[in-house]
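**Student:** These are the residues of each chain, in order.
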Amino acid sequence: MTLKLGVPSKGRLMEKTFEWFAERGITLSRSGSDREYAGRVDGVEGVELVLLSAGEIPREMAAGRIHLGVTGTDLVREKLGQWEQRVEELAKLGFGHADLIIAVPQAWVDVDTMDDLDAASAAFRARHGFRLRIATKYHRLMRDFLREHGVADYQLVDSQGATEGTVKNETAEAVADITSTGDTLRANHLKILSDGLVLRSEATLFRTRNADLSEPERVAMQALSEKLGL
Amino acid sequence: MPDRLAKRAEAARVRAMFEVAGAQVVDTPVLQDAETLLDLYGEDIRARAYVTSDALRGEQMLRPDFTLPVVQMHMQHGAEPARYTYSGEVFRRQEEDPERDSEFLQVGYEVFERGAPEEAEAEVFALISSVLRGLPLRAATGDIGILMAAVEGLDTTARRKAALLRHIWRPRRFRALIERFSGRATVPASRTALLAVKDPFAEAGPSIGLRTRDEVEARITALREDAATAPLAEKDVALMDAILSVSEALPNALEHLRDIAVDMPSISDAVERLGRRASALQARGVDVANLQFEASYGRASMEYYDGFVFGFYAAERADLPPVASGGRYDALTRQLGQGEEIPAVGGVVRPGLMMMLKGGAA
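Chains as they are written, first to last, in this note's numbering: chain A, 1 to 230; chain B, 1 to 362.
For the record, the hints were derived by calculation from the structure and aren't laboratory data.
Any given hint might turn out to be false.
What the hints assert, rightly or not - Okay, the calculated beta carbon distance ranges per label pair:
(1) B/Glu19 x A/Met1: 57 to 67 Å
(2) B/Ala230 x A/His139: 53 to 63 Å
(3) B/Ile220 x A/Thr181: 27 to 37 Å
(4) B/Pro136 x A/Arg218: 41 to 51 Å
(5) A/Phe130 x B/Ala176: 19 to 29 Å
(6) A/Arg218 x B/Ala16: 51 to 61 Å
What the hints assert, rightly or not - A few chain A residues that face chain B, going by a derived Cβ cut-off under 8 Å, partial list only:
(7) Gln106
(8) Trp108
(9) Val109
(10) Asp110
(11) Thr113
(12) Phe124
(13) Gly165
(14) Lys168
(15) Glu173
(16) Ser194
(17) Lys227
Just so it is clear, CB atoms sit at the ideal spot from N, CA and C, and this is done for glycine as well.
Next comes chain B alone, as it looks inside the complex (with noise of 0.2 Å):
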């Protein structure tokens, strides 16, 4: 493993390479609340996070990543256009993998701008792509957006829609969602009792906790009118079941998305800024032509991105985390703006990971 010194010395050579790109300099601190922050981050990194708490402010946490504070600090007095970089390190939990740090540095390149998203996302796909030149890499990328306008246009209720947008990034979660919503999936037993029986409340005992009596009566009517809902289309089924089952070199992707878009109008304004990224990025020099996309990917992993999401991996090392990730998060500046918001995209790379490749290729 290369040494802590020579990690910080190719950290400090990213990050020059981000500056002469236009970007500001910008640190956080360390110790991060906790309240405010953790609950914005998605399962596996709120699990991960080394949390401890002060008898003065709370629960602080070791900050688990740059992109939340950052995000923070531009939505309290940062102006706009806005392009920062920072490295440091970063602190996650390592309960299963032991090869694996729970302290590593993490360079970032973050870019606030509204106005011609997908000229943002090339320019950061391209130069984390330039930073990395020379490895033995391979990058994937993914639009979870696709996917979020499939759902929105869907002809069903918001409640249903809802369910799916919230599970989008679980997988298995979201199948299981549409096999119900489909009517393949069968209705567990005590549901149809449930909705079947009188006085649902004949047994249910005093009330006790948080969650009222309101509450249950409320879902028990939500739960009434989902079952009096039509199923999804089958023909629906089966284009989402296409998109998601996208996975080929760009263009042949954009042109394979354009068809299932003929059937589903809805995503046709995500298809054509996927297509407008795709041609952002042949205008600054990317191999589109062998950029593979999928349209699944990032979902398991990502959650705060709602949109373009990339990563690059080393090709000879599946054992390795991404060397470099990142995406588009414009949702999150809404939850950290207070009533404001603003496009925005960056990532991050991984000086070790560089570090531990190019000792490799030598």
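Bound-form chain A, shown alone (with noise of 0.2 Å):
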């Protein structure tokens, strides 16, 4: 059996993590056509690349169907319960910078700080008649960020992509997601939080917890340690 190591399927995360690799002296590449999502990996041997979503690296290491994963630390802690003991973290890789973060309307003048929030929001129930919504997919992590500051009357509405538009089309009130530089949030006349600050997130290379290793998966563990100096 070889040892199976997942990272994201395109992008620039894709594209980071071979160049992280490739400095540490080992190749990874896209077999095939661009299209086909087979890799191989040159300058460790018994390695198997395995390429997927980084949003189902996270569920595939815990199933223990891939020992290794390059991911977003954000992604590991919304989709693992107790991620400390089902991954550990290995290196931090040093790009995929992106911080998750509360913002509301601009417009907003009166709202600054978490507290504000939670004033707002018991003003905008009693208004409205429903809770004020946010708009997320990174439900765990922002319930639990939430109750840490004892916000009260909020909902958390599920929102996958173009998040920062749920406020203008009147889905949400206010959005948590992943932001590196703001533009986009600025664009939407959004404006974060003073201490909104949820996580900050960067690719991460992680280690199941839940795969015992066979004889050649731990000789082949041990050979890819050594190159990349863990």
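Hints given; two lone chains; assemble the complex.
**Tutor:** Here it is, written out as structure tokens:
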């Protein structure tokens, strides 16, 4: 059996991951055509490349179907309950930086802190008859963060894309999303709450705690760790 | 772990005891309309309900407890007074602790009755104690009503009282509000700047979303008024702290609270209710002298309860959820009653946990 390494299957995250490994003498590449999600590994024996959507990598690691995976810290914490018991962080890769933040309309000049958001939520619910809606795809992380900050009278509404547009479209009053520069937020007339930083995320190499390695896999892991300087 | 059939048999046995006590057996659908009910649960249960959707019926959830559907049923067509019992599965997502079940049995006893609320409370507590007799449990009791009375009696604005009442169930947040209202916490710089600036909307940009400019202005007005409000009296803050730190055997707690009530008369009625409850419990054979009372109990986890609260915990197993819990929920009947309300108190036990503890004792 080979040691399975899961890497995001497209875009900058894949390219940067390939570069990171290349700098350490391991060449990852997609085999065959550009459309085929199969890959090869050169420079270390017994390691197989599995190309996956970054969002699926946490689950595949937790299930033990891949041994190593590159994905964002945000996705691991959102998708895995008790993540620290299920995967181990081996290395931060130094790219894919993004912050999970809470943003509200710029026009809400009275709201700058989580405390303000809570007060605004109470008044909003009294006026509109329903809880203030926060659009996000990070339900678990947001729920924990909002509970930690004692915010009440909100509801999370699911938004898997174009989250910044939900306020203008009146399907949400506030948003919680990943941002790296904040440009999209500004273009949509949103501002970040001053204490609304939920999580700093970064592309990270993880190892599953949920798979017993066979002897050849253990040897491959050892060789890989040495190459990567882990 | 005891198997499902054994747990069911235990549930049936407990429900039969509740029937003997005078309760009518009721049942509720497993699938509940999420839109009407979900909102009434506290955050914890709200986040952990399994919600799904139905193209015809809209958002549906697997019932996370029985109390709400039973209140809803009673408010629609119940006769008074009423005593109900039920048993069945409830469903809650578990994301943090794999040891906890996401599907478990609850058997409950709920009393809807006007007059003599302390008698009804003692009845529920004593009945549930008798069902649990012999198990290695410790009981905890509290009374959210005392803290609510203390807040309502504060010499401050209605807005500040409302803010405190809203966060009774979030102790940390409640504490932060007390700090702010008593002038101990520093005001955030952004708040000071907002109140100092001539035109707060100078850099507001376009107004987007459902929350209107009007609402933003209303809040700024509220903030201005609040900034001009006198801080809470040191004495009142100290008395609130004294109430919150009461944690001792019920007779001592009662004496302690009566002392506090001398300086804070607004809690007197609530404290006397506690006194009557203690007598009612004693009359029903509860060992009141050794019953623990904590003024803060139930605040973190039991949002819809607004008076007496109680829980039974495995003495040697701090990792387990409460084996039984309950309390008074008058406000909930008001929310579900469309203009009607009735005093209500109830509790549930978890037969699965009872069996586990029995197995452990054997």
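**Student:** When the nearest CB of chain B is found for A/Lys227, is that gap smaller than 8 Å?
**Tutor:** Violated. Min distance 35 Å.
**Student:** Cβ-Cβ distance between A/Phe130 and B/Ala176: within 19 to 29 Å?
**Tutor:** The hinted range 19 to 29 Å holds for A/Phe130 and B/Ala176, with Cβ atoms some 26 Å apart.
**Student:** How about A/Gln106: closest beta carbon in chain B under 8 Å, or not?
**Tutor:** holds (4 Å)
**Student:** That 57 to 67 Å hint for B/Glu19 and A/Met1 (C-beta), does it hold up?
**Tutor:** At roughly 59 Å between Cβ atoms, A/Met1 and B/Glu19 fall inside 57 to 67 Å, so the hint holds.
**Student:** Is 41 to 51 Å right for how far apart the beta carbons of B/Pro136 and A/Arg218 are?
**Tutor:** Given a distance of about 46 Å, which is inside 41 to 51 Å, the answer is holds.
**Student:** Does the closest beta carbon of chain B sit nearer than 8 Å to the beta carbon of A/Thr113?
**Tutor:** holds (6 Å)
**Student:** Once the shortest beta carbon distance from A/Asp110 to chain B is found, is it less than 8 Å?
**Tutor:** holds (5 Å)
**Student:** Take a look at whether the Cβ-Cβ distance between B/Ala230 and A/His139 falls inside 53 to 63 Å.
**Tutor:** violated (42 Å)
**Student:** Given a hinted range of 51 to 61 Å, is it respected by the beta-carbon distance of A/Arg218 and B/Ala16?
**Tutor:** The hint (51 to 61 Å, Cβ to Cβ) holds, given that A/Arg218 and B/Ala16 are roughly 58 Å apart.
**Student:** May I ask you to test the interface hint for A/Phe124 with respect to chain B, counting a Cβ-Cβ separation under 8 Å as satisfied?
**Tutor:** At 6 Å from the nearest chain B Cβ, A/Phe124 passes the 8 Å test, so the hint holds.
**Student:** Double-check A/Gly165 for me: the hint is only fine if its C-beta lies closer than 8 Å to a C-beta in chain B.
**Tutor:** Violated. Min distance 10 Å.
**Student:** Holds or violated: is the Cβ of A/Trp108 closer than 8 Å to a Cβ in chain B?
**Tutor:** Status holds, d = 6 Å.
Hint check: violations occur at hints 2, 13, 17; the rest are consistent with the structure.
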